[in-house]
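Enquirer: This is what each chain is made of:
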Amino acid sequence: MGDGEDDPVSDQTAAVELSAITKRFGSVVAVDNVDLEIADGEFFALLGPSGCGKTTTLRMIAGLEFPTEGSLKIFGNEAGTLPPNKRPVNTVFQDYALFPHMTVEANVAFGLKMQRVSKDEIAGRVLEAISLVRLEGLEQRRSQQLSGGQRQRVALARALVNRPKVLLLDEPLGALDLKLRQEMQGELKALQREVGITFVFVTHDQEEALTMADRIGVMNEGELLQVGTPAEIYEHPVNRFVANFIGQTNLLDASVVSNDTVCLANGVHIPGHSDLPVGTRVAVCLRPERAGMHPPDEVPADHQSVVGRLEGVTYLGNALVYTVVLDWVRLEVRRENQPGGYRPYAGEEVAVSWTLDAVSVVRA
Amino acid sequence: MSSTVQPRGTTKIALTAHSWLVYLFFFAPIFVLIVFSFSDDRNVGRWGGFTLEWYQDFVEHSQLQGAVWVSVRVALLSTVISVVLGTLAALALERFKFKGRKVFDALLYLPIIIPDVTMAVMMLLFFAEFFEILDSVFGWDVQKGLGSIAISHIAFNISFVSVVVRARLAGMSEVLEEAALDLYASRWKTFRYVTFPQIVPGVAGGALLALTLSLDDVVITQFAAGPGATTLPVFVFGLIRRGVTPLINATSVLMLAASVFLVALSLAFQQFSGRGGRPSLRAARQAMSAKPNTNTQPKEGINQ
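Chains X and F, in that order, are what the protein sequence lines are.
Counting from 1 along the first sequence, just add 33 to a position and that's the residue number in our numbering.
Counting from 1 along the second sequence, just add 1347 to a position and that's the residue number in our numbering.
Treat the hints with caution; some may be incorrect.
Think about it this way: if two alpha-carbon atoms lie no more than 25 Å apart in a straight line, the pair counts; the simulated SDA-like pairs of lysine to any residue are [as the list claims (entries may be wrong)]: (1) F:K1536 with X:L115; (2) X:K146 with F:V1522; (3) F:K1444 with X:V61; (4) F:K1536 with X:G157; (5) X:K119 with F:F1538; (6) X:K198 with F:K1444; (7) X:K146 with F:Y1540; (8) X:K119 with F:F1443; (9) X:K198 with F:R1534; (10) F:K1536 with X:Q148; (11) X:K106 with F:V1379; (12) F:K1444 with X:T136; (13) F:K1536 with X:T136; (14) X:K106 with F:E1525; (15) F:K1536 with X:P197; (16) X:K119 with F:E1525; (17) X:K119 with F:K1536; (18) F:K1536 with X:P133; (19) X:K146 with F:F1374; (20) X:K119 with F:W1535.
Read the hints as simulated data drawn from the structure, not as lab findings.
Could you build all of it, start to finish, from the sequences and the hints given here?
Expert: Now the structure itself:
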């Protein structure tokens, strides 16, 4: 996943380029000074909790909102205040927004009809788009007669038939049930590879972002906190919020002592890389699946460790999650459910351990 | 399935009797009206044998004919104009934010709230002043007539149309319009291909309401009408004062027939536009066709 991750951005014109974009609704700052480049052909996810500004950002790219400040370029052309019908982008809306008074076919043909494409060409391209999303045979149905998954496909076909340069998707899988959602994740990814255009999608589901996206932008309270590949975001979150939002994590309060040493809240100095100034409050981010667990006197020599009391074990089937309580922090340790190995009981003293490469130091 | 809420025994009998009484109350006067329109006796309440004389009278009565045409023209003119203006007002209030929106919103309800008589006096004064200004400034001698009646009808119809259309607009997601814009439609095309088809039932309902209100109105019309033109209801009102003959019955029956025709037309239109489309209508139809099944099947047999 890491190969050439910075190449697409520098090599050619970005598909979408936001520079110092701010959007205010009255006194509310919905999007705060965001800089972002999305490369051509990229599958990009904007991830964040509800109200973080991700949908507003998407709507600004679509032209459904105009930025208050900053510049927005689509393939190098300034598009900040261009109306939505003048942009080479199309949107798959959250609840699909299919036209209820039209058939599937008419829905898909709508964009081409508005662009005054010739009838013959419309017929051909509609057919192509409908087969691309595998909806053959449903052309004459209306949206009320379709299932959630089928509606989503119609919405995709309706957007893709226009051959947009960028496809925007607003929580495209939010309305589907779990099984269908997982199925569609794979399909969307395959579809993007097939058509080869830039996909920008908004989601609050970190798992969805991790599985589908080439790169993820994490947003909170209008700010873009971090942009990176799923691995970068998961393994090297920039701060406590990102670490917490993406996956499960243990955060041990600490402060910076030097370039490669931090002082945990219990006063113990441990190795930990950071470029932050001495004295900065930080957290050591330890993912549950990267933590080890040993009897207190059997910790391997190259491991750091803290000792606590095992409070309980949650049985997940394929894994076990141990909750270890210290007087200043609670830690979770996840172990694959394999035969043998160390299986402490609740109430026992255990050491939670890690190697240096298992943790990252994040801003508190 | 609905067995426990179905009335039984005396309750059921009482409810049935009540229903019939209500129907009787509704339809008996209409029945009497229709029967006596065929009565061969100048006295309205006395049966003097069957005749079509009063209908012939209606056809030959030139003043009545004139009133009918004034009514129809006023109704059509005021309906068309108030539907356009009322729909525009509804769109503006429901879709745009602008200064003074709330004031405009409140003012739009005024014609619905204020009594007819007040409205009528307002119209009377307005036309008197307005025509005087026209006369003194431009030297135009304008008289009250078809035009002033139509304007007064438009004045109250706009409110009714916009209320009905707004209800429909409020139920329509704005995202549909955004989707159309996103799919390269201009604002006009968005209205033409997405917004309008969605609100058509509201616009049609508003038009029908406007048509009915215009055809029915007596009070405001009486004040806005001039010597030149008067509408059918106002004319009939005048006839009554001169003595009632079954001619009024015949006229009323024809007006009734016209209204029934209009309502039937609007229902047919809604059925047509609802085919396969509108979920509420389909649901209603399904519910109606499903009902006999639950009634004819024994309760215990449903699950087997």
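Enquirer: The structure should be examined with respect to each hint, and the outcome stated for every one.
Expert: Hints versus structure:
Restraint check for K1536 of chain F and L115 of chain X: satisfied, since their Cα atoms lie roughly 18 Å apart, inside the 25 Å limit. The hinted pair formed by K146 of chain X and V1522 of chain F meets the criterion: a straight-line CA distance of about 19 Å does not exceed 25 Å. In summary, the hint linking K1444 of chain F to V61 of chain X is supported, as the alpha carbons are separated by about 18 Å, within the 25 Å threshold. Between K1536 of chain F and G157 of chain X the alpha-carbon distance is near 23 Å, which keeps this suggested pair within the 25 Å criterion.
For the proposed pair K119 of chain X and F1538 of chain F, the alpha carbon gap of about 17 Å is at most 25 Å, so the pair holds. Our distance criterion of 25 Å between C-alpha atoms is broken by K198 of chain X and K1444 of chain F, whose separation comes to about 32 Å. About 11 Å separates the Cα atoms of K146 of chain X and Y1540 of chain F, which keeps this hinted pair within 25 Å; it holds. About 21 Å separates the Cα atoms of K119 of chain X and F1443 of chain F, which keeps this hinted pair within 25 Å; it holds.
In summary, the hint linking K198 of chain X to R1534 of chain F is supported, as the alpha carbons are separated by about 23 Å, within the 25 Å threshold. A threshold of 25 Å between alpha carbons decides the hint, and for K1536 of chain F with Q148 of chain X the separation of about 11 Å falls inside it, so the pair holds. Between K106 of chain X and V1379 of chain F the CA atoms are separated by roughly 76 Å; this puts the pair beyond 25 Å, and the hint is violated. The straight-line distance between the Cα atoms of K1444 of chain F and T136 of chain X is roughly 32 Å, outside the 25 Å bound, and the hint therefore fails.
Between K1536 of chain F and T136 of chain X, the direct Cα distance comes to roughly 18 Å. Compliance with the 25 Å bound is thereby established for this hinted pair. This hinted pair checks out: K106 of chain X and E1525 of chain F have alpha carbons roughly 21 Å apart, not beyond 25 Å. A hinted pair counts as satisfied when its Cα atoms are at most 25 Å apart, and K1536 of chain F with P197 of chain X qualifies at roughly 20 Å. At roughly 13 Å between alpha-carbon atoms, K119 of chain X and E1525 of chain F fall within 25 Å of each other, so this suggested pair holds.
The straight-line distance between the Cα atoms of K119 of chain X and K1536 of chain F is roughly 14 Å, inside the 25 Å bound, and the hint therefore holds. The suggested pairing of K1536 of chain F with P133 of chain X holds, with an alpha-carbon distance near 16 Å, which does not exceed 25 Å. Taken as a hint, the K146 of chain X and F1374 of chain F pair is broken in the structure, with Cα atoms around 52 Å apart against an allowance of 25 Å. Among the hinted pairs, K119 of chain X with W1535 of chain F is consistent with the structure: their alpha-carbon atoms are about 15 Å apart, no more than 25 Å.
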